[in-house]
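Participant: For the protein sequence lines, the chains are A and B, in the order given.
Here the first sequence stands for residues -11 to 255, numbered as in the numbering used here.
Here the second sequence stands for residues 15 to 132, numbered as in the numbering used here.
Hints listed in this document are in silico derivations from the structure and should not be mistaken for laboratory results.
Here are a few chain A residues that sit away from chain B, every Cβ distance over 10 Å (derived from the structure):
#, residue
1, 19
2, 20
3, 42
4, 51
5, 100
6, 202
7, 209
Not the full set, but computed from the structure, chain A residues with beta-carbon under 10 Å of chain B:
#, residue
8, 138
9, 139
10, 142
11, 146
12, 170
13, 171
14, 172
15, 179
Pairs of lysine-lysine residues, derived as BS3-like cross-links and limited to a Cα-Cα distance of at most 27 Å, are as follows:
#, chain 1, residue 1, chain 2, residue 2
16, A, 164, A, 230
17, A, 164, B, 34
18, B, 37, A, 164
19, A, 170, B, 34
20, B, 37, A, 0
21, B, 37, A, 186
22, A, 217, A, 67
23, A, 21, A, 153
24, A, 230, A, 217
Note that CB positions come from ideal geometry on N, CA and C, so glycine has one too.
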Amino acid sequence: MTAKVVTVTSGKGGVGKTTTTANLGVALARLGKRVTLIDADIGLRNLDIVLGLENRIVYDLVDIVEGRAKLRQAMIKHKTLPELYLVPAAQTRDKTAVSPQDMITLANQLRQEMDFILIDCPAGIERGFRNAVAPADEVLIVTNPEVSAVRDADRIIGLLEAERKGPGRLILNRVKAEMIRKGEMLSPDDVTDILGIKIIGIVPEDEYVVPSSNSGNPVTLMENSRAGKAFHNIARRLMGEKVPFLPLEEKRGFLQQLGRLFGGGGA
Amino acid sequence: MANIWERLFGRGEDANGTGKQAKSRLQFVLLHDRMAIAPEKMEEMKAEILEVIKKYLTVDSAQFDIALQRRESASLLVAEVPFLRMEAANVETDIEETSVPTRTRDGKIVTEQDRDDA
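Next up, chain B with everything else stripped away, as it sits in the complex (with noise of 0.2 Å):
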């Protein structure tokens, strides 16, 4: 039997409760909807992308990507670039990795609610 405490003022959001599953889902599903070109031209373009960068960065090739996110009003293609150096990749020492920080997801919306957890 569910505890009586619970039963008698409610519970809490059950963190195993299939909401959760829904949202995470939905979430990847999205992603992968979001983007309009299929996932053959996306690693295309991801590969002629990470070509350009290789010219002027020394790049982590294996950590690159590239995604599609949506803010309140644009959909964005967001790229996460880690490199190694800033110079032109002739200097090998003093290596110090950077990542660039690009995957803040601003997108929330705050709303009035006013709900009754009673």
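The shape of chain A in the complex, shown without the other chains (with noise of 0.2 Å):
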């Protein structure tokens, strides 16, 4: 069994694709899935911060490639989870530093020992773009309800067509019913049907990612969390399961219904 390689990009920068990758890994490591992530983003390091490993790093994606560190003295074991490791970013120097082939043979190292090697990659669609999807099986396109995201999504997913990884899945973050139901944001359904491609995850907003990666602990870890949830059901959908979508809100109770009433607000 060899791993699948999966980037997570996004065009505009801030929609959450360092949140997603992040949470999906965590999600199918619990799952059971050896997984290695991939911070593709040289010179904006992030996704060490968000796993809570910052305090960990010793070498990164640079050492290895310019042959200073061995790939597996450059991964880093999440705390908690044994089948999770982090190869990160370095932090000094730029994208040029990494060429597409890099990756490549980076990918190929690990694909016997892993399940899922996910890649986060860098906004934009310049060099760390072409990095972070050359060795890719599968592109996850994260954007949010908003047009300015939606516009650089489509953007990304031409240029996925043009280097013939296309046409990639839809994660849709940040999704508030409410507005939606007032007809105020863009529907998931609106969402596909500009961009024409298929979504694999509708993520509400949620006032625990914030906490989360204050702390380092991904949502998914969280019993609680809706956005958590729904990272979790991206993973199982990665791993080839079919599982529907979690309704966009939670179901109301009759007394939250009357707080509706009097409060005008959400629940």
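Make the complex out of the two chains shown on their own, each in a separate frame, by following the hints.
Facilitator: Here you go:
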């Protein structure tokens, strides 16, 4: 069995690529898969801090590529999930330190030992994007229901097509059901309609996400997080399971409906 | 004050909400983004294609148009060519306008969503 290489990309920054990569990694590891996460965002390293592993870095991606460290030496083991590893990005170099071929070689070295290799792609459409996409067997495009993010996702879909890595599957992140109900936000159907690709996950806006990155514990580890549940389901879909989409909103009880009547706000 | 029933049970999608605007604005801007070539080049190509078609068909030049569309796995250059007659342009009688229906958009994706509209 050889690993599947999945690159998480978006075009636009700030839509939740790193959060998505971290959470899918954690979710897959909890489902018993051997997972390595590679942070391809050289110069703007963040996957380490989101995973709570920032203090354990000795070597990084560029050290491996330039031969100062063996791949195994640079792989950081997660604190609680023994089958989850991180290859951190270099913080003091730039994207040109690594080539697409380097990334293919690196991924191939790991394929025999892993079930999944997830690559966190930098924002933008330049060298860093091509590096991250080069070894991909599948590409996930993260976007938000917001015009600029959807437009950039479309650009990425076009580039993936040109690189013969398309069409990829979509993760719609930071969805606010209340706003969709009011007609003030693009719905998942609207976005898939516009972009013309399949959707693999709909992640609700969730106030657990910020505290989780504050503490370095991805939301997938939190029992009550709806975003965490959504990431868990995406991981299962990546494994080929058929998992129905979560309802966008939790069922409202009568009292909550009354609260809505008088407060006019959300639950 | 909003309708009490609306507030109690929630309302359907508001046809005047900005979500609809977002969708139509995006659809428009993406059509242009997807053309990797400059607008002048596009016009040039359009004129050339039109010249070629005119050799074989009587075309309503004013209505002729080309555009880029995306289907599930490919981008397509779609031409809309309203022509007047099939044969060479030497018979002017019995004009029957026909247009080729090329603008179907079948890139629509059906998601197996199980949404709760409560």
